[in-house]
Amino acid sequence: MKNKSSALFIIALYILSVLPMAFAMDADVGVSSDVSGVAVDDNLQTTVTTPMQTTPQNTGVNVGLTVRQKEIIKSLIKDSKDVAVCFNRAKEKFPQADDVRIRNVCNSLIENNFAVRTSTNAEVRAGIKTQNKIGLKNQSDGTFVMEERREKLGVLNSATSQKIENLTNWQVRRLVDVGQDQLQKLKSLGENELKGLSMLTKDEIKELDSDDIQKIKTQILEKVKEKQELKENDFKRRVVSKETVVKFEQKYKLAGDKYVAAKEKYLENKNQLVKLNAELKLCEGSETEECVALRVEVQEHAKDYLLNAATSAIGVLEKMQSKIDSSEDLDSETVANISAKIESKIQELEGIMVKIEAAQTKEELKSAAEELKSLLDGVKNQVTYNAERVKVARVGLIVERSEHLELRLEAILADMEVQNISVSDIDEKIVEFTDKIAAAREQYALAKSLFIDASDAVNQGQIIKESNVYIKEAQEELQEAHKVLVEILKIVKDNGGNLNAGSEIDDDVDDVSTDEIDEVELTDDFNETESNTTTTNTTI
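Residue numbers for the sequence shown follow the numbering used here, so the first one is 18 and each next one is one higher.
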């Protein structure tokens, strides 16, 4: 009987040491990946919040890059268009900076011709200064800038020049950004097509690669029509009925209650096992009635401990499943795929619970405990991975809203120009806003690409780490874009512009506010766990 007491004591120690992660999981999957940024609720409304803390699991970033450091890197590559050269120079200058962040910055600066674009803007500004120095009238309303831009477009041919004269300054501004080579190809476009072209993004214009001008005209008109017909539901990957949302909200609450109840019982079991193990030590070599009863009691409490750990994990999964099933950020196929995998994990946990309840020997109980531990590791990874996917999807929707907002701004500025209201103060702000949205879109695309054809069982940690870096960069660009947008609207109001021309643009500004991506909607209570649940070194 001495061996039996020792065995029970050892198995109790083992169980207590391997299962705290069932609740530690609840803390880890909060996915607080330092996305101090874009808080989006179920209706994509946003509010300013403070940055979330970064969890150790999702970090991996050595040192980030400040705005000033990015400017320095930009200055280091003026004579180069090679990403590798940029990376080497930046790494030499900032050896402690994270490789992924440096490569991010280099891609942004070189692949998107940021240096060239900046140089062009500098030349325009230099031209204004030169004109002023030689005694020309200082055009405070920005006329000189716009005339220069119209000249750039008008050099294509005389017919095009006449069309340019009939475009608004905003439309001219957008077309100049397209580039001479692209415009040369499109010089036979009519005035309406040029106006439509000015409504497209640079990427959309690049897609117009056909040599058939009639086909290009058709493509432009189709894209413009799509943009003009955008409605609220077009900014959702799928539409979920209110009844369905309510149903899953109730399911989420029930799952949360299950988790809380299981956690409370788990802690009770743990405290009881600590106490019983202390008593069990005194029963070594003893066959008294009390010791025999104590051994039975220890094994029963160990079972309860394991069962409540499994139940708590099921609660976590059901909470996530309810959020996924009601999400409008993911398409139907992705939702079905993730939900099915979650359901599979729940069934596996329920199967292990049956084994735990049926265990009669210490060997059977230990085997079930090991199986549960392995499965809980997978559950934690799956929750974290899928939460990251939702976060990336939400950033994508915010980028889309921001791009659509550019069209709303066009309507406002066009209306102001018709009324002969100066928009010169807005000119550079618009360029800045557009560039930041483009940069955010690029970072979002990089994050999204990580999940294409990627198994959630392969390289999860690396995928999440890289995605966090890209999304943080996108979030920072969106934050800056939002600040610029607020400044633009203030200038519009101060100059008597009609915001109604933008179709209630104030509401849309709230929709693209770049505060914090709130994965807490997925894992709202997952950070409420005591620090002692993460340790595997127990003295029980």
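Treat the hints loosely; a few may be bogus.
Straight-line distance between alpha carbons at most 27 Å, and here's what the computed DSSO-like set of lysine-lysine pairs gives [to be verified]:
{"no.": "1", "residue 1": "Lys298", "residue 2": "Lys379"}
{"no.": "2", "residue 1": "Lys383", "residue 2": "Lys282"}
{"no.": "3", "residue 1": "Lys264", "residue 2": "Lys275"}
Restraint-style ranges between C-beta atoms, simulated for each label pair [as the list claims (entries may be wrong)]:
{"no.": "4", "residue 1": "Glu350", "residue 2": "Glu281", "range": "54 to 64 Å"}
{"no.": "5", "residue 1": "Glu260", "residue 2": "Leu284", "range": "33 to 43 Å"}
{"no.": "6", "residue 1": "Gly478", "residue 2": "Glu365", "range": "13 to 23 Å"}
{"no.": "7", "residue 1": "Lys264", "residue 2": "Leu299", "range": "52 to 62 Å"}
{"no.": "8", "residue 1": "Glu365", "residue 2": "Val313", "range": "20 to 30 Å"}
Because the hints were derived from the structure by calculation, they are not lab data.
Backbone N, C-alpha and C define an ideal beta-carbon position, used for all residues, glycine too.
Right, here's what the structure says about each hint:
1. Lys298 x Lys379: holds, 17 Å
2. Lys383 x Lys282: It holds: about 20 Å lies between the C-alpha atoms, which stays within 27 Å.
3. Lys264 x Lys275: Holds - the C-alpha atoms of Lys275 and Lys264 are around 17 Å apart, at most 27 Å.
4. Glu350 x Glu281: 54 to 64 Å: 38 Å Cβ-Cβ, so the 54 to 64 Å window is violated.
5. Glu260 x Leu284: 33 to 43 Å: Since Glu260 and Leu284 have Cβ atoms about 37 Å apart, the given range 33 to 43 Å holds.
6. Gly478 x Glu365: 13 to 23 Å: holds, 22 Å
7. Lys264 x Leu299: 52 to 62 Å: holds, 54 Å
8. Glu365 x Val313: 20 to 30 Å: holds, 29 Å
The structure shown violates just one earlier hint, number 4.
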